[in-house]
Amino acid sequence: MASFPDKGWCVEAHGRLVGGNPTASAELCKAILPPLVGWLRAKGRTTNKELIRDAATDALVDYIKHPDKWNLKKGTLVSYICMAADRDLLNALEREQRLRRREVLIADVEDEGFDRNVLPENEALTDAIDGLLSALERQVTSATDRRFLTLILKGERSTDEFAEVLGIQNLSKQEKARTVKQHKDRLKKIIERLRNRLNAPGK
Amino acid sequence: MRPESDSVELRAAVARLEGDPFFMASVLADYRTALRLNDQHIAKALGCNVEALTSLAFCRTPRLNNEKFFLSDVQAIANYVGCDWGELARMIRTAQSVSTLKRFTGGAEDQLLKAARDKQGDGDNPDKPKSRKR
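Protein chains in written order, with the working numbering: chain Y, 1323 to 1525; chain S, 5 to 138.
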């Protein structure tokens, strides 16, 4: 794995950047980007290479465009950029997870009115789903149901995973499948009822 | 020499910066698209190797609103990358013109391409000096 440049080099490069040298950005990108990507990978928050690359690039570019944000007295340049990249990556992962939960939710309630292809652009839809998720959190209070619902929202398809939550691993395959389906249907009905209530006129 | 994995990461970052006018990556992308060239063509015109284009792409775009600053920025970049500063200056000005024209014409691509090629054709005259006239 490529190693980060030392503190002295970073301070000098920072000086060139602040001084308006047009090549300082290239020096910094070439010296910091590869080890930063390696560091993020080693941290193990995700295996998604694209998200890691984007987070590393965005953090570095943000520093290059606003070098005054870094305060030398508060820490090294490398630690500042690493923290920023890690924060960007966490935010990106959160956005991705949220989007996935929404897609699964839509797929599970099988609502023909929702077009999954327009999800990111449709603010009204986003608001509707946010409302639905909050209402669900209030409505489903049982710990088992919450764990079960979490699996549904994660897109889990394995009956065994659901069976484990319900504590029915020892039942026969058919029995497990039947019981899991009953619970799924019950929770889907709750989701549908909440959705209908949220979509009702005046809401 | 840089490991291949580092080069992959750097090239991916360059691709992400192609839409950001702060970086030379956007100038290279505009020029490449307008003249329908590839990196080999651009590197040859600049008198450098293709790998040097990655370094070039990460440089800040020269200050275009002041001729003195523009020239000093271009020379500093050319010196760092190891390319012909006159060609680099011409390339940046062409990309800038194409980008400006595109904004005003809404992208009448064939006309822009013809204009850009005519301009580039000037540089093919062997009797003309390579570096930009002042």
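Certain hints may be false.
[To be verified] With a straight-line cut-off of 30 Å between C-alpha atoms, the simulated DSSO-like cross-links for lysine-lysine are:
1) Y:LYS1352 to S:LYS72
2) Y:LYS1329 to Y:LYS1395
3) Y:LYS1391 to S:LYS106
4) S:LYS106 to S:LYS72
[Said to hold, decoys possible] FRET-style restraints, in silico, Cβ to Cβ:
5) S:ASN53 to Y:ARG1479: 49 to 59 Å
6) S:LYS48 to Y:LYS1476: 17 to 27 Å
7) S:SER9 to Y:GLY1397: 24 to 34 Å
Hints are computed from structural coordinates only; laboratory data are not their basis.
Just so you know, these numbers come straight off a predicted model, no measurement behind them.
Backbone N, C-alpha and C define an ideal beta-carbon position, used for all residues, glycine too.
Hint by hint, where does the structure go against what was stated? Just the numbers, ascending. Those not satisfied are hints 3 and 6.
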